[in-house]
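Student: Construct the complete structure from the given sequences, taking the supplied hints into account.
Plus 1265 on top of the position in the sequence shown (first one is 1) and you've got our numbering.
Hints in this document: simulated from the structure, not taken from any laboratory. From a predicted model like this one, the values you see are computed outputs, not experimental measurements. Wrong hints could be hidden among the right ones.
To be verified - Distance ranges between label pairs, derived from CB positions:
id, residue 1, residue 2, range
1, F1518, N1415, 27 to 35 Å
2, S1310, M1482, 19 to 27 Å
3, I1449, M1374, 32 to 40 Å
4, S1310, V1512, 29 to 37 Å
5, I1388, F1311, 27 to 35 Å
6, H1409, I1388, 20 to 28 Å
7, I1392, P1451, 36 to 44 Å
8, W1318, E1439, 41 to 49 Å
9, F1371, I1392, 29 to 37 Å
10, E1439, E1475, 45 to 53 Å
11, F1303, L1384, 35 to 43 Å
12, L1517, G1480, 38 to 46 Å
13, G1480, N1415, 21 to 29 Å
14, F1311, N1415, 18 to 26 Å
To be verified - Derived EDC-like pairs: lysine to aspartate or glutamate, alpha-carbon spacing no greater than 20 Å straight-line:
id, residue 1, residue 2
15, K1404, D1417
16, K1407, E1364
17, K1488, E1453
18, K1488, E1442
19, K1295, E1383
For glycine and all other residues, C-beta sits at the position ideal for the given N, C-alpha and C.
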Amino acid sequence: MLENCQETEGLGEASARGTSMEGDCLSCIKYLMFVFNFLIFLGGSFLLGVGVWVVVDPTGFREIVAANPLLFTGVYIILAMGSMLFLLGFLGCCGAIRENKCLLLFFFMLILIIFLAELAAAILAFIFREHLTREYFTKELKRHYQGYNNTDVFTSTWNAIMNTFDCCGVNSPEDFEESIFRFINPGEVVPEACCRRNSHVGEAGFSNREECLSGSMLYRNNKGCYSAVVDYFEMYIYVAGALAIVVLTIELFAMVFAMCLFRGIQ
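Tutor: Encoded structure:
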């Protein structure tokens, strides 16, 4: 009888220790998830603040952004990313601290959707990687670039790229030969976006616009945009790849923490 009592007491103590360890583990996960999501919340708030400031800024920066399609698109990407991170961080913090199963489940589903979308984008990028060749861009430039039609997204994007990187065409200015641009503008060899600018005059000051449009190599940018863009982003490619892996890993851990906390809440 005494032995049975001792065994029962031993089992009770082991069960209590197990319950205590589970509680400590759950508490650790809870606070780790809160800290992690609070950092996400701060990052989202910062990006959202920057995006809103650029859009509503009264000092004229808004007009500069609006005039450049690349910057204009970038601002709204920042706004979208900031809003998404802000919402994720808020849901994660509230769900962890309040131990709210509905918030945690919604947080898990949102992270899962983002993770699957990123995975799908990576797979599509791998499948269609052959479309990112010089030949593909050259063919598209010849077929669709119109020169001065800023209402056309393709044309305005190419103008922004050539102005930003001081380049001309995909490989060289010769890419505009036998193109729709030459058909629309028979008197011009290259578009205005290819012309060199005087840095001391400002954005509107060309070295010699007329000579440039007539094909003079002295007054136009002769480097192709493919090489210019690749050279510019070469140092960032590996950083972007490493960052993408880190983001995906963080998202996986976030889903695991959220589900562990969700299952541990009574």
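Student: Would you mind confirming whether the straight-line C-alpha gap from K1407 to E1364 stays at or under 20 Å?
Tutor: violated (58 Å)
Student: Is it true that F1311 and N1415 lie within 18 to 26 Å of each other by Cβ?
Tutor: violated (32 Å)
Student: With respect to the beta-carbon atoms only, verify the hint that S1310 and M1482 lie 19 to 27 Å apart.
Tutor: Since the Cβ atoms of S1310 and M1482 sit about 50 Å apart, the hinted range of 19 to 27 Å is violated.
Student: At the C-beta level, are W1318 and E1439 separated by a distance inside 41 to 49 Å?
Tutor: holds (43 Å)
Student: So does E1439 sit 45 to 53 Å from E1475, Cβ to Cβ?
Tutor: Given a distance of about 20 Å, which is not inside 45 to 53 Å, the answer is violated.
Student: Has the hinted range 29 to 37 Å been met by the Cβ atoms of S1310 and V1512?
Tutor: Violated, at about 18 Å.
Student: Check whether the Cα positions of K1404 and D1417 lie no farther apart than 20 Å.
Tutor: Given pair K1404, D1417 holds - Cα atoms ~17 Å apart, limit 20 Å.
Student: Should the hint that F1303 and L1384 are 35 to 43 Å apart at their CB atoms be regarded as holding?
Tutor: Given range 35 to 43 Å: violated, Cβ gap about 26 Å.
Student: For the range 27 to 35 Å, tell me whether the beta carbons of F1518 and N1415 fit it or not.
Tutor: violated (45 Å)
Student: Could you see if the CB distance from F1371 to I1392 stays within 29 to 37 Å?
Tutor: holds (32 Å)
Student: Run the distance test for K1295 versus E1383: straight-line Cα separation, threshold 20 Å.
Tutor: It is violated: about 26 Å lies between the C-alpha atoms, which goes past 20 Å.
Student: CB of G1480 to CB of N1415, is that within 21 to 29 Å?
Tutor: The hinted range 21 to 29 Å holds for G1480 and N1415, with Cβ atoms some 23 Å apart.
In summary, the structure is inconsistent with hints 1, 2, 3, 4, 10, 11, 12, 14, 16, 19 from the numbered list given earlier, while agreeing with the others.
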